[in-house]
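If you want the building blocks of each chain, they are given just below.
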Amino acid sequence: MKLKNYISIASLAILLGFASCKDQFDLDLQNDPNAVTEENADVDLFFNAIQLNFSGFFNNASNLTMSAVRMTAMTGGNIYENAWSPNSFNGMWNTTYATIFPDINAMIAIAQEREQFVHVGAAQVMQGYVLMTLVDFFGDIPWSDALQGVSVPSPSSDDDASIYDAAIALLDAGIENLGRTSRGTPGNDFFYGGDADSWIKAANTFKLKAYMNMGNTAGFDAIISAGNFISSAADDFVFPYATNRVNPNSRHPWYNEHYEVGNGRYHSIQNMYNMRFRYSVPDPRIRYYYYRQDLEYGDEPDLENQFTLDCPASSRPIHYEANMAFCLPTPGPHSDTGSAQGYFGRAHGDADGIPPDGEIRTNWGVYPAGGRFDEDQDEPVKNAGTDGGLGAGIAPIMMSSFVDFMRAERAMVGGDAAGARSHMENGMRNSISRVISWSEGLSGSGAAGSAFAPTQADIDAYVADILGLWDAGNDDDKMDVLQYQNHHALWGNGYEAWNAYRRTGAPSDLQFTRDQADPGTFPRLMLYPADYVNLNATIDGNRTISQQVFWDTNPAGFID
Amino acid sequence: MKRVLLTLLMSVLVCVYIQAQNRTVSGKVTDETGQPLPQVTVLLKGTTTGTPTDADGNYRLSVPDAGGTLLFRFLGYVTQEVEIGSQSVVNIQLQPEVTDVGEVVVTALGITREKASLGYAVTSVGSQDLQSRPEADVARILRGKVPGVDISSTSGLAGTGTNIIIRGYSSISGDNQPLFVIDGVPFNSDTNNDGNFVNGGATASSRFLDLDPNNIADISILKGLSATVLYGEAGRNGVVLVTTKVGSDATGNNKMSITVNQSYFVNEVGGIPEDQDQYGNGWQNFASAAFSNWGAPFDQPNRNGLTNGTISHPYSRAALNDVFPELIGARYDYRAYDNLQNFFVKGAQLNTSVSINSRVGDNSSVSVIYGFLEDKGYIPDNTFAKHNASVGFRTKLDNGLSINATGNFITSQNDRPAVAPIYSSNTIGNISSLFSNVLYTPRSVDLFGLAYERPDDNSSIFYRGGNDIQHPLWTLNNVRDSEQVTRFFGNVTMNYQINDWLNASYRFGVDTYTQQQDYTNNKGGREQQDGLFRTSNRRNTITDQVFTLSANKDINSDLNINGLVGVNLRRETRNTNFISSTQQFIYGLFTHQNFITNVASSSIREENTNGVYAQASLGYRSAAYLNFSVRNDWTSTLEQENRSVFYPSVSMSILPFDLAQTQVSGIDYLKIRLGYGTSAGYPDPYQTRNVLATSVNRFIDGNGTTINSNSVSSRFGNPDLTRELHEEIELGVEARFLNNRVNLDLSLFSRRSSDLIIDLDLDPSTGFTNSTINAAEIKNEGIEAQISVNVIEKADWRLNSTINFTALEGTVEAIAPGIDQVVISGFSFLGNFAIPGQPYGIIQGSQTEKNENGENIVGAAGNFQAATDIGIIGDPNPDYNLSWINELSYKFINLRVQIDYVSGGDIWGSTASTLTGRGIAGETGFDRFVPVIAPGVQRDGSVNTVQITPNRHYWEHTGVFYDEHRMFDATTLRLREISLSLTAPSSWLANTPFGSASLTISGQNLWYKAFNFPESINFDPEVLSLGVGNGRGFDFVTGPTAKKYGATLSFTF
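From first to last, the protein sequence lines are chains A and B.
Okay, so the first sequence: first residue is 1 according to my numbering, each after it adds one.
Okay, so the second sequence: first residue is 1 according to my numbering, each after it adds one.
Calculated from the structure, these hints are not laboratory results.
Check each hint, because a few of them may be wrong.
As the list claims (entries may be wrong) - Which chain A residues face chain B? A few, computed with CB under 10 Å, are given here:
1. Leu27
2. Leu52
3. Thr75
4. Ser85
5. Ser151
6. Asp172
7. Asp195
8. Ser198
9. Tyr241
10. Asp376
11. Gln377
12. Lys382
13. Ala556
14. Gly557
15. Ile559
16. Asp560
Beta carbons are placed, not taken as given, at the ideal position from N, Cα and C, and that holds for glycine.
Just chain A, same shape as in the assembly (with noise of 0.2 Å):
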């Protein structure tokens, strides 16, 4: 009888557990089931995620600088220590550091193996570039103790000229790997399509630009003179984005921020009233640069809506300079101009709240965004991404025109005004036809055949008006004349306009912050991100943003 129990309650036992349950001594289970092992890693897949990562990191570079040289307003705070936070800049160090520097390595790794340089000679390209642009942001950065995983958890920075050292070290290494014989070129080249020499010349560019910041006149020079470096617009280092809205977007960013529904960013009162008015003749690519949503807004005052609009019903600020827009939308006694014809943004360090404008700011135009093209159409373009070239635009990372400009600077910094002068002219040709063209052979931007399009003598008394202004100025007049075209050009480009602002410190007259005379310290170098200084041991606080990068050996207060 017991015996039998026992059986039976063992038997049970097995039937219902320990049988039906074989999976239950399976304790090799530390391989997730839902990825992918690091074996299976492809080199064309790494090359593509780097690219776009890459493309992600300009574009946070650029939005967090356009609104310090009053590309487009400054509405994070009212004096620069407020305007950003370092939370700003988690985005930058994270994509960097945990994203494309990992992958580049370990894309290196395998390429290396199979003798793959152009992906390896590209890949340190962009690695410089992106190392370089670090170190104009935030100075002494984490590098030799960098990418160890948890071995270092909280790698101590190197000394910034060192870090600029190894940038350049990088974009050599990858010229030099881009002119060995490869196997193969990338499955998918967004820049260049796989064309080494493209590669290589982009690469001098950016040795070029780090000569620039560094005063090196030798470096610039030698450069110049070896004539490998984007001249032309077929050279340009540009990432193409195209039109497909959702899954994935693909988008440029600012399409997707000022074409859906968002109001989006606010745009410079400075910068369109520099494009618009500062000059006897318009800018030929003010219609290409911006989109009005609302020609008329604000043609009859009324005050129920000042804070939809409050510039008119502000006081002008007592200490902003003649030449320093205000409100430019609306005749009237506010106004600056008799016929602003509804260019609608913000002043510099204008923080208060949010009106209901979404539909009346102006908004981003056909170049660089893939928006559309400004036929005085007076209508809102928040039609969920149906507008325009549907955001085909492109991020504008190394132009030929910007070489101009580079160029242009370098003489006058040696004391050749006339050849300045010649490359100035140069780069504003240059640009204004590239935004021309690429514009007219964007799809459904309007600008193709347009009506409203600049003709050739637009442009030509344009070029004549500056060139004019700058044969009657002296050479700190001539420097703001170069840094203003300078900015028309870069347009989409906030980052080297900045890098240019703390090299030369024109233009010299930009709009002030609109509460205080005192707008608190310009940004010489930005703040940690909170990343950083939150889950790095080694640093003890944020900065303060009045420390320079090494190269950037002017004065303290000297910008503002």
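Since the structure of chain A is provided, determine the placement of chain B on it from the hints.
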């Protein structure tokens, strides 16, 4: 007596010969006051023949022709023996127990033990404290009833999640929620979110919501590690042991009995803010369509943008002129509208429960409980509906094997509005939230008078031209979060008494559920303007097997040994499928094929834990006990060399007076206990190896080519990862004084948790953004006390007053070398952190710049300046919790009042700061034309004298800009529970079919006062906007708490 009790306890399991029975004895059992005592076990001594008393205290039992002794046993009362002799009616009055000897409690693995023998704290909560409550969630009913247990809800919406923390947070990244064990089987109590808290996951329901409070016979809470060691690592956060009615041994009756409960409760919002009535929508005292309410004064109808007290109608705007031609040029009254006052509704909770018990033949019994609950929240269309059906069956085979089986089937449906966090404006993530804009709707905007959708395409419209606020009523009608759960859990237990001291048992338990979650968002809103349909389907299965050999033997008259050895095999699998669809085609229809873009993903996960355990307990003269427990586990979540974990525990209990066989006047009972226990914690599966991050369909270039990519994963897989370790020492005293009128149960504990698994956010410059490592150390120390006083003890009158007190301190002792802080929950710039030397979960956030004296630096424009770094701005942990429970009974009337008090603990409060910063709160109805000066100093040290507008000061300096201004002390006094129950005396029911009848009127959370919040906000800080988990002290406007009141009618026949 102990032997007798053990025999009784095991009697159901023990094989005995059934004697011939041919007469019956009946009678009535009453308590010391003469009230009938139901559920008293009446047993024929030496047999398993027995029956519980019915609701009237009556019983009837077959007994042998001659002789025999009846045993009457009831928890908390002295067991009595009565020789039957020739009596056919045996009525008896039981007396309350005066010593603890004999009181039994359920401990780990469902083993019932004498409470006196335990070297650790166990708190039991009986069914009378759980049922007929206006709350569907068992955990929420337990609030304040158990010292050392902290329970908070994520929101007052029906069907939202509940956070339970026993004895503090001891893990940084791991789970700190206790293990639920139902009838001996681990029960998945996860809170499954499809999104993180930013994406609306904070209010997801917790799966213990599937339990039916009406089917719970008893809950035992094992708090310390010496109590839970037999559960291995799963028990490290404490164990909530639930015995269901169908699973308990106390059912089975000669005659069939049916019990019916019917409840109806009103469900209301706990509190709504009081707003000021002087100013309307606008900015700087001008009427305008701002987000804020700093507009024109209502009493000056022709000033600051007003014309005859009107403004242009918000829908008289170009974009809507074709839609509302009748409103072109229309004017709109600029006055205060009642919005908040009308936004919340009165919901209702209906709860029906029917239970049937019956004996089948001589050796079997069956019980069935069916419950239906429908809880409608304080927001329209917020409902939680649940069907619970449970069945229990017990039998004893002729060969002595007893088999006990239970099965529980649950289906539930929960519909909630979309909820997501906000700072002070639209939601943080690009996702709808019902509460995001509604609380600060400007006073002059008529929420209910302005159409919420365009009649032509159903898209959201609201008062602002840019349509950048989604109309809250549009959100209510177009965005829904819902969950459907189908669950089965149950077990089969077999017991065999091998001889008089050795018993073998085997239990197979299963808990499996499918949870379907649907997030439906029509197109046309501001958030997710193309529409979103997100579905997930989770299948979670736990199988648990326990094989135990247990022994209980008296070595000699003084010494008893009681022990067991066993094997536990536990396996948990989870399969999840997600589909996320965007770009809705036809408005209103939610099928994935009605969406243009679908993205699917899936994940599978399996985890095995195999353990062996042993326990031995030595008892000396029922006055001193020594208990040893050990367990060894092998887990599948770690690499081979780290898989095996051994944890021991030892505890002792001494009754000094019994040991010395002396008595001390004034002290009726004294027990001292001391315990040491250890436990471990395992990481989630798949943390030890690196994977490749792949991404398909990442970009489509200008040629239409789809670009895919692979990347190095930014999570660093750590092969050296090992278990975390918890060690705890517990000291306790249990005593009774003054003729047992004062009852004290005190525990002190100290827990050290080391090698804690941290989900470590890394500085990305390491090449990775996070990893899982063993590093931190946390110490938790606490006091738990329960003092119960029988204030009045008279024939008809009884008043018992109990105070539960908990004070806890959790300190982070260390974290990984090279790391100075770890984000526990929230964001890296605002959240709960672990910082060495600081309390667990300290809150860091943004601050203003201060000088060395701590004064605010004020800039030239008169406003505060931002500090570049975050800093410590609050400690979310309360100083202590106190709960005061009073029970007054007079004859058949019973009044119960529970008052809870939380002292201290900070909360980051967005509701209060937003309403203040946006000029809604009652306190902002001052004269806004008088400028103010922000308190602080200029950079040169001089006192700030710059005048700024109140608008600017309040907007920038009361929390919207700086987190430090959002911190409030959360000290709260609360009327947690009040109930009045009337039980019909049996004489009233004599000629009715009813065996018993009672009516209970009760309310929950009827009143509270958070002393340090602005008066007008009426804010209840008992919310957790970060959701169930380790975050605490954040209110992101995710839904106020609820109050409920109503009645329950209960009868048996």
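Would you check whether A:Ala556 satisfies its interface hint, that is, whether its CB is within less than 10 Å of any CB in chain B? Status violated, d = 16 Å.
Under the criterion of a CB-CB separation shorter than 10 Å, is A:Tyr241 in contact with chain B as hinted? holds, 8 Å
Identify whether the interface hint at A:Leu52 stands, where standing means a beta carbon of chain B within less than 10 Å of its own. Constraint on A:Leu52 satisfied, holds at 6 Å.
Given a cut of 10 Å on the nearest C-beta pair, is the interface hint for A:Ser151 held or broken against chain B? For A:Ser151, the interface hint holds, since the closest Cβ of chain B sits about 9 Å away, which is under 10 Å.
Tell me if A:Asp376 is really an interface residue toward chain B, meaning its C-beta lies closer than 10 Å to one of theirs. Where the cut-off is 10 Å and the nearest Cβ of chain B is about 17 Å from A:Asp376, the hint is violated.
Does A:Lys382 hold up as a contact with chain B if the rule is Cβ-Cβ below 10 Å? holds, 8 Å
Supplied contact hint for A:Ile559, tested at 10 Å Cβ to chain B: violated, 19 Å
Holds or violated: is there a CB of chain B closer than 10 Å to the CB of A:Asp560? violated, 14 Å
Once the shortest beta carbon distance from A:Asp195 to chain B is found, is it less than 10 Å? violated, 17 Å
Residue hint A:Gln377, partner chain B, criterion CB-CB below 10 Å: Status violated, d = 14 Å.
Does the nearest C-beta of chain B fall within a distance shorter than 10 Å of the C-beta of A:Gly557? It is violated, given that the least Cβ distance between A:Gly557 and chain B is near 15 Å, above 10 Å.
A:Ser85 as chain B interface residue, shortest Cβ-Cβ below 10 Å: holds, 7 Å
Going through the hint list in order, the structure does not satisfy hints 3, 6, 7, 8, 10, 11, 13, 14, 15, 16.
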